[in-house]
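Listed in order, the protein sequences are those of chains A and B. For the first sequence, the numbering used here begins at 175 and goes up steadily by one. For the second sequence, the numbering used here begins at 5 and goes up steadily by one.
In short, the hints are calculated from the structure, not lab data. One should not assume that every hint holds.
Claimed, not checked - Straight-line C-alpha distance at most 16 Å; calculated EDC-like pairs for lysine to aspartate or glutamate:
#1 K313/A x E102/B
#2 K313/A x D120/B
#3 K271/B x E113/B
#4 K63/B x E199/A
#5 K258/B x D222/B
#6 K121/B x E92/B
#7 K63/B x E196/A
#8 K313/A x E269/A
#9 K313/A x E68/B
#10 K95/B x E68/B
#11 K149/B x D182/B
#12 K93/B x D120/B
#13 K324/B x D222/B
Stated by the list, open to error - Every beta carbon over 10 Å from chain B, so not counted as near; a handful from chain A, in silico:
#14 L279
#15 G280
#16 T301
#17 T325
Only a predicted model underlies this, so the values are computations on that prediction, with no experimental measurement involved. Beta carbons: idealized from backbone N, C-alpha and C, even for Gly.
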Amino acid sequence: MTENEKKMSAIVKPQDIEALIELFEASDWDEMHLEIEGLELFLSSDPKARIAVQPPHPTVAHAPASAHPHPTIPQGMGHLAPPPTPTQEVSSVPEGCIAVKAPNLGTFYRAPKPGAAPYVELGQSITADTEICLIEVMKLFTSVRAGTVGTIREICVNDAELVEYGQTLFYIETA
Amino acid sequence: MALNRLFIANRGEIAVRILRTAKRLGLETVLGVSEADRESMGSEMADRAVVLGPSPSAKSYLDERLIVHAAKMTGCDALHPGYGFLSEKAKLASLCEEESIIFVGPRPETIDVLGDKLSARTMALQAGVQTVPGTDHIATIVEAKHAAEQLGYPVVMKASAGGGGRGMFMARSAEELDISFGRASREAESAFGDSRLYMERFVERARHVEVQIVGDGDGTIVHFGERDCTVQRRYQKLIEEATSTALPSRLRTKLREAAIRITSFAKYRNAGTVEFLYDVDREDFYFIEVNSRIQVEHPVSEEVTGEDLIARQLHVAAGKGIGLSQADVQIRGHAIECRINAEDPFNNFIPAPGRITAWSPPTGEGIRLDTHARMGYLVPPFYDSMIGKLIAKGRDRSEAIERILRAIRDFRLEGPKTTLPLLSFVAAHTDFRENRITTRWLEDKGLPAFAGA
Chain A
175 MTENEKKMSA IVKPQDIEAL IELFEASDWD EMHLEIEGLE LFLSSDPKAR IAVQPPHPTV
235 AHAPASAHPH PTIPQGMGHL APPPTPTQEV SSVPEGCIAV KAPNLGTFYR APKPGAAPYV
295 ELGQSITADT EICLIEVMKL FTSVRAGTVG TIREICVNDA ELVEYGQTLF YIETA
Chain B
5 MALNRLFIAN RGEIAVRILR TAKRLGLETV LGVSEADRES MGSEMADRAV VLGPSPSAKS
65 YLDERLIVHA AKMTGCDALH PGYGFLSEKA KLASLCEEES IIFVGPRPET IDVLGDKLSA
125 RTMALQAGVQ TVPGTDHIAT IVEAKHAAEQ LGYPVVMKAS AGGGGRGMFM ARSAEELDIS
185 FGRASREAES AFGDSRLYME RFVERARHVE VQIVGDGDGT IVHFGERDCT VQRRYQKLIE
245 EATSTALPSR LRTKLREAAI RITSFAKYRN AGTVEFLYDV DREDFYFIEV NSRIQVEHPV
305 SEEVTGEDLI ARQLHVAAGK GIGLSQADVQ IRGHAIECRI NAEDPFNNFI PAPGRITAWS
365 PPTGEGIRLD THARMGYLVP PFYDSMIGKL IAKGRDRSEA IERILRAIRD FRLEGPKTTL
425 PLLSFVAAHT DFRENRITTR WLEDKGLPAF AGA
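Chain A on its own, in the form it takes in the complex (with noise of 0.2 Å):
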């Protein structure tokens, strides 16, 4: 051990990180930057942001893979092309608007039943408890509120299609 490390092992204990990560997660914050002699925390909410102590790692492309037809397959689901990932929206947030997230994994539906009315439309005002999409998981329906007061200015996700957790599924305008 150096003498760096033993200094540094002093004074931040692992469940001191674990306890930061903890805060950042529970919090809104974008970054965290935390020097304590010696040692650097930085934590961010992009995970394309990267400090300078990291060596930058090879970006491997997800190579659609080919195409093959499946039975069991449900509407588009043919190909393994990822959907656009939430980082890469993030750069093009609206001007003035906030994203609403798919709180995990499921299929995303933007009418309470097939043939019905989408809950929202573009342009549409809504209130924080404005019921705006389903998640399916299992056939197990969960409906996503707006959370915010304002007017649908985007709708990123087409009816029916895998969304991920994290994944931006509407942009919001703020009054």
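Following the hints, put chain B in place on chain A, whose structure we already have.
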């Protein structure tokens, strides 16, 4: 059954290990990850990674509905559960079945039967495999002495209603039985309102041995030799070997036969491990349990057989059978695996998550490293602390020990504290080299010596 696209429901080194084989076999791969693993090595290797949920496992890796939904919606026809997490939960296997996704593992019913210690024990006895020998209720001291002579001293007596050690005692002779029997009955009576006692053989010096098997689901089983995982701390394995040179060869043959008997009886499907307790003094072994998954220590069996066990699992899962017979399995040499965990062995093994700031793994003949870590990797605080598994193979046990020792010492890893210093201490210890250890060795002798070194 066609198996074209595989969903991997795990993380860390085992996700990377499964991905490596799946890609070699030309399968398309989808990895389900948590938020914390979004940027992991596995995410980069997989054709697609989907974020299941936030970092805590309960909301990602432990939610079987999220996982099966993700597998279905990404068009996967099979799912590999890895080890830990949901790998031995029958509900994941049955949910896959309901959705026509092949579960790369045993049938849900098999997982249920073997997951319950009592039903597994009953099954072992039905298959003619010995468990720790014991008796039914014993009422009198005369009966107790008779039973002890049948079982052989030392014996341990336990309260039928018991637990917490009350009414329990160990006896090395008829005299010791005399002294303790009455008191133990009274103790059981006052503690549980039930004075009945039963007797078991007491295994003073034990080794942990286990047999790797693969079954076709119809009763045909092929074994891939046994492993010895005697270096343990609180039932957590630190170092594993293949084969178990501590057992006389006639016993190794019997051990492998016993493993085949019980799994064949269960019509076991896919890869599994049959665990035994080896009684060093009596030179006898007893069935403990079957682990119905691929295990952490599977690489040592791969090294001595030259087999890819993940490929074998996928072969069975695709409905093509085991694809080889027992005669095809040739066991050569000796392999040792060390688990490198981000834990501080100088400070009661407290987890030490953190970022890796220096990373230069060893290379050389017979050295293998299974890991998802690399320079700059942040060991997250949410999951088990394994950084990787270092494996060395040699022509015999002493060559394997020399190689693993050199590899451990050459491993440059800075950032989180790791178990590397302890692994090096154990591998260099005379008791380990001379193979004189038992399952109590690390806690009773190894760790105190390490702390004092």
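Comparing the hints with the structure gives:
{"no.": "1", "hint": "K313/A x E102/B", "in the structure": "holds, 13 Å"}
{"no.": "2", "hint": "K313/A x D120/B", "in the structure": "violated, 30 Å"}
{"no.": "3", "hint": "K271/B x E113/B", "in the structure": "holds, 11 Å"}
{"no.": "4", "hint": "K63/B x E199/A", "in the structure": "holds, 14 Å"}
{"no.": "5", "hint": "K258/B x D222/B", "in the structure": "violated, 22 Å"}
{"no.": "6", "hint": "K121/B x E92/B", "in the structure": "holds, 14 Å"}
{"no.": "7", "hint": "K63/B x E196/A", "in the structure": "holds, 15 Å"}
{"no.": "8", "hint": "K313/A x E269/A", "in the structure": "violated, 36 Å"}
{"no.": "9", "hint": "K313/A x E68/B", "in the structure": "holds, 13 Å"}
{"no.": "10", "hint": "K95/B x E68/B", "in the structure": "holds, 8 Å"}
{"no.": "11", "hint": "K149/B x D182/B", "in the structure": "holds, 9 Å"}
{"no.": "12", "hint": "K93/B x D120/B", "in the structure": "holds, 12 Å"}
{"no.": "13", "hint": "K324/B x D222/B", "in the structure": "holds, 12 Å"}
{"no.": "14", "hint": "L279", "in the structure": "violated, 5 Å"}
{"no.": "15", "hint": "G280", "in the structure": "violated, 6 Å"}
{"no.": "16", "hint": "T301", "in the structure": "holds, 26 Å"}
{"no.": "17", "hint": "T325", "in the structure": "holds, 28 Å"}
Of the numbered hints listed earlier, those contradicted by the structure are 2, 5, 8, 14 and 15.
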